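Chemist: So the protein lines, in turn, are chains G and L.
Number 30 in this note's numbering belongs to position 30 of the first sequence; there are no gaps in the numbering.
Number 14 in this note's numbering belongs to position 14 of the second sequence; there are no gaps in the numbering.
It is possible that part of the hints are untrue.
Which residues of chain L face chain G? A partial, calculated answer using Cβ under 10 angstroms [to be verified]:
id	residue
1	Q8
2	T9
3	V13
4	K16
5	V46
In short, the hints are calculated from the structure, not lab data.
Source: prediction; values computed, not measured.
Don't be surprised by glycine CBs; every beta carbon is placed ideally from N, CA and C.
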Amino acid sequence: NAGVTQTPKFQVLKTGQSMTLQCAQDMNHEYMSWYRQDPGMGLRLIHYSVGAGITDQGEVPNGYNVSRSTTEDFPLRLLSAAPSQTSVYFCASSYPQETQYFGPGTRLLVL
Amino acid sequence: AQKVTQAQTEISVVEKEDVTLDCVYETRDTTYYLFWYKQPPSGELVFLIRRNSFDEQNEISGRYSWNFQKSTSSFNFTITASQVVDSAVYFCALSEAVEYGNKLVFGAGTILRVKS
């Protein structure tokens, strides 16, 4: 099992550009989520999904879109990047009510 | 709203010292889970432990031990005989139960530096 994979590992964007952060898992987990990590603030939940076709907002959803067309994939879209979205992004997955396992993270710099 | 507080921003110890990382949480749920994750300098998040709200037994795993006390809403983590490889950021987290999943609320993290 590859576990949770994320691409790219690092990305630089200019303000206003769009991009998609990819997340995939091969453990058949129903639950997937996106967090962002900023210095001194821990990780904060952006969006989550409890299964294909079902998504919901977390604590900091503004500026981000998600969709879940398959069990395996949960991409995070930035439609118009802003410097405030400079962060490290982590994707996680789990079975319902079980421990979440995290991907290796994507470092995003918005200039 | 749920909240996790890790009051210790950074701790420095000398190798072989014992160190305790504090975690205090707030929740109105009667059923919840508490977690500790380790983030080494390489950046990945490593799961250490999960504890449910009905199990207050302390747990020991090698040099690691955890003390869960509902009376004080605390879930502290102790490393015995610390080693340089323990240097990392440690996060305490609390899960808010939602149908078919769980939403994690993280503390700000404690940076542990172990010097040789």
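Chemist: Hint by hint, say whether it matches the structure.
Modeler: So, going through the hints one by one against the coordinates:
Hint on Q8(L) is violated. Least Cβ distance to chain G is approximately 13 angstroms, over the 10 angstroms limit. Interface hint at T9(L): satisfied, since its Cβ lies 8 angstroms from the closest Cβ of chain G, which is below the 10 angstroms cut-off. Hint status for V13(L): violated, given a least beta-carbon distance of 21 angstroms to chain G, over 10 angstroms. Taking 10 angstroms as the C-beta cut-off, the interface hint given for K16(L) is violated, the closest approach to chain G being about 29 angstroms.
The interface hint given for V46(L) holds, since its Cβ lies 8 angstroms from the closest Cβ of chain G, which is under the 10 angstroms cut-off.
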